[in-house]
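Using the hints, position chain L with the ligands against chain G.
One-letter residues, chain by chain:
Protein chains: 2
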Amino acid sequence: MDRKSIKNIIKFLSLIGIFVNIFFLIPLITGIIYEENIKGFIYYELISISLFSIILFLLKNHKIKMHSKDAILSVNIVWIMLGILGAIPLMLLTNINFYDAFFESISGFTTTGATIYNNISDLPKTILILRSTMHWIGGMGIIVLSTGLLSIINPTGTLTLFKSESTGITIEKITPKLKHTALKLWGVYILLTILDLILLKIEGMNLFDAINHAFATISTGGFSTKNESLGYWVNNYYILWTTTIFMILSGINFIAHIKILKGDFSGYKSEEVKWYIYLIIILSLGVSLIHFISSNDSLFFAITNGFFTISSILTTTGFATVDYSTWGQAAISLIIIAMLIGGNAGSTAGGIKVIRYIVMFKNLKAQIKKILSPYVITSIKIDNKKIPENIINNVSAFIFLYLLTVTFISLYLFANNYDALTSISAAIACVGNIGPGFGHVGPVDNFSFFSNTQKIILSIGMIIGRLEFYTFLLLFSRDFWKKF
Amino acid sequence: MDRKSIKNIIKFLSLIGIFVNIFFLIPLITGIIYEENIKGFIYYELISISLFSIILFLLKNHKIKMHSKDAILSVNIVWIMLGILGAIPLMLLTNINFYDAFFESISGFTTTGATIYNNISDLPKTILILRSTMHWIGGMGIIVLSTGLLSIINPTGTLTLFKSESTGITIEKITPKLKHTALKLWGVYILLTILDLILLKIEGMNLFDAINHAFATISTGGFSTKNESLGYWVNNYYILWTTTIFMILSGINFIAHIKILKGDFSGYKSEEVKWYIYLIIILSLGVSLIHFISSNDSLFFAITNGFFTISSILTTTGFATVDYSTWGQAAISLIIIAMLIGGNAGSTAGGIKVIRYIVMFKNLKAQIKKILSPYVITSIKIDNKKIPENIINNVSAFIFLYLLTVTFISLYLFANNYDALTSISAAIACVGNIGPGFGHVGPVDNFSFFSNTQKIILSIGMIIGRLEFYTFLLLFSRDFWKKF
Ligand SMILES: [K+]
Ligand SMILES: [K+]
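First to last, the sequence lines map onto chains G and L.
My numbering numbers the first residue of the first sequence as 6 and each following residue consecutively.
My numbering numbers the first residue of the second sequence as 6 and each following residue consecutively.
Chain G on its own, in the form it takes in the complex (with noise of 0.2 Å):
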């Protein structure tokens, strides 16, 4: 690694730590509204942000021209620097260790959502806010790494994957337009957000938790201000559907947004969008049944907490109205379905996503039809586009790598004697960037009783899940630190 190299990957740090930094006044500035004892907050980021500012005033002449590999390793560093960027002001202003602040905050800048906290709705007005922040600030980044953006920081995301016949590296200079695509994204990102906020604020909420809440539903991030999460609002139907309709806008390629603002609807027509959506009102109406059949509740409550909590647990945002671990296994079993699956590529959603299943299942029928006709040659075709031979192999390499993921974790965690649904759904919770699982982290419960050792693999298993595992991978192959 030469000098420019370190060089490009302190000035991009420094850029991002200034950029969260700044962010963080929106909690700063609440905590003085509030009068909250925000001392320490306060010197954190009078420090922080001038820390940052002098590095990039040294580096001022250097011009960020990044090899590929240095944004591979930036991206990783990144996350590191985020969990301590979130955890440092955590720790300030709660009493908890550092793991803990360290969980929390990687799990605010994921938009995973998993809390270490026990008692939320008592908590300083600064720290929920401060929460919502790093979910909203995590959002705005994935959704541009995620649409392949910045194909040069992250090569493996699944549209870049999509989007041109070449499936590796290509070092692109961020263009003028690339510029204008990221300013549209983040216009829609933004638009959507207020959009939430005003809805939510008419229909009942006090502002505090309308910001709280739009910034944790666009980031599909799921940390609430209420202990009962959306629960608190049970009974107003007008909060509840607005945050299920939020919910499944921000699972969707945000592409696919901003091409509505030129009156294109062609991007909700996508295969994707069309099974994403059934799945919604399949597993929705078969959970609100089951629901409906073995309570006393009303079908439209049912039908209301149906939708609400696989739309939230589809699009990996982690929100509950009520405690959902109580419909019985049944409804649970179709739950776990949904944290399965995932949202749409180019969203700020986790897991495996639509889009895989949908090659995977047609690369299962082309199988089938060569295992018959065995000198045809079978291609697979997704929107009438083909999907080149290499792309089946990645995603099938990632859906590998998920698993093993999944399943390494879960083990760990199992042979540390927690119960099979703890493991196993604290695993998918986390490497999904979903939040809550079953067992002991079921909707109502928090992640507070795992070890420090526990909570640094369930952080790990966020980042690995958010980053789509390669850009994590490639640092442990042996090419990748060859002449670097």
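Some hints could be false.
Intra- or inter-copy, both count: the list cannot distinguish identical chains.
Pairs of lysine-lysine, DSS-like flavour, derived with a Cα cap of 25 Å [said to hold, decoys possible]:
(1) Lys-374 x Lys-391
(2) Lys-9 x Lys-386
(3) Lys-487 x Lys-386
(4) Lys-370 x Lys-487
(5) Lys-70 x Lys-9
(6) Lys-487 x Lys-374
(7) Lys-74 x Lys-370
(8) Lys-206 x Lys-184
(9) Lys-65 x Lys-374
To be clear, the hints were calculated from the coordinates, so they are not data collected in a lab.
For clarity, every value in this text was computed on a predicted model and none was experimentally measured.
Okay, now just chain L with the ligands, sitting in the frame of chain G:
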């Protein structure tokens, strides 16, 4: 479907039927020797052999010339027929219903070894040897299917895939050469059985137990004559190590064994055998160590039982020496890893199998290489032979199918209110043809408590796993029935 196809299928089924009923003379003679009440069984044999003989006589001028579709359909029907052919004598000899009998019979023929009997030690000897005979017959069939010898019948067997460029159906005639290879495979199978039998007898088993356990070992079946399984001989280290070694041999590709007869050891030097042995050693030492540390047992006892248990599970035999589910969740985690791996292709072992993991890991490595050097054409080599791209897709689709099947059966059981560990391990144990799982289906438990429907679903799971998914799935393809 034309008359010729129907005649092909009926004649094929009748040949298998008479073959099975001839082997059933082993339990019949045993029953006569031990003077057990087997009148019903004798009538069944007489009627069954007569019926199949009449059909074969009527079709004596019809020469089987199987179209591939006939073959695929036949193999699917054969498993249902085997289930029934085995279920009838079980119902005649013990007081169980059809669902129990069908489950037990399928478990026997697929060499799964899961049982619905509560008290095995007290079963009539006729039943015990009947169960072992089912294993042994099943193993003979599986050897021929899984070595890809009859690729006409099992076009998707792993070895078929790897032995030629074409991955589809080739309408091979059963040439004298193929017949010769089949006879050699069976020769090795019988030789291994006799060797094991003699050793077990010398080491202290009575002849009856030695025959039964030799049948159940070489077929990687796992039915025992004792409630304690091999634990009945837990202090006889000779018997335990003999069984361990014969289980390991039975999990190796049988083509490698027949090469030995010509003094050619190359079969044992393949990457698959190498990894298979590594995995057995690593996992066994891990389990032994955990057991040794957490108990008062001697190191040699711990190692003996560690190697026995991992060999039993990895080869999908399913014998037990002690209740290894009491070794703690860390040991169980390692055993679950063994359950998820399986033996070698071309053996009687079930599961995903080592070779498929090799393909997946090599594909993963190739994908990472491709990210770093997108314009380099990567290819996967196993045993220095290039693997065609389509094989990778085929293996991915297989693993995807395996996991879909296991996930759905697990969630089906979980939705019926079994705990997560029981649900998941029962699904893996049946689909992987292993036998015992954990929770309520642990090594000292049985499958009797499942409902009739659940037993049918689990039986189908065993068949699908045994058919390696594709042969079964083809029945649901429209192309399959088009112009049958
Ligand atoms: K989430
Ligand atoms: K078995």
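Now for the hints, and whether the structure bears them out:
Taking CA atoms no more than 25 Å apart as the test, Lys-374 paired with Lys-391 passes in both settings, with 17 Å inside one copy and 23 Å between copies. With identical chains, the CA atoms of Lys-9 and Lys-386 are never at most 25 Å apart, being 43 Å at best within one copy and 38 Å at best between copies. In this assembly of identical chains, Lys-487 and Lys-386 lie within 25 Å of each other by CA distance solely across copies; the values are 23 Å between and 37 Å within a copy. In this assembly of identical chains, the alpha carbons of Lys-370 and Lys-487 lie at most 25 Å apart only when taken from different copies (15 Å versus 40 Å within one copy).
When the C-alpha separation of Lys-70 and Lys-9 is checked against a cutoff of 25 Å, the pair qualifies only within one copy, where the shortest distance is 9 Å, while the shortest distance between copies is 71 Å. For the identical chains of this complex, Lys-487 and Lys-374 are inter-copy neighbours only, at 12 Å across copies versus 42 Å inside a copy, given an alpha-carbon limit of 25 Å. Taking the closest pair of Cα atoms, Lys-74 and Lys-370 come within 25 Å of each other only across two copies (17 Å); inside a single copy the shortest separation is 37 Å, beyond that limit. In this assembly of identical chains, Lys-206 and Lys-184 lie within 25 Å of each other by CA distance neither inside one copy nor across copies; the values are 33 Å within and 79 Å between.
Taking the closest pair of Cα atoms, Lys-65 and Lys-374 never come within 25 Å of each other, the shortest separation being 59 Å inside a single copy and 35 Å across copies.
In summary, the numbered hints that this structure violates are 2, 8 and 9.
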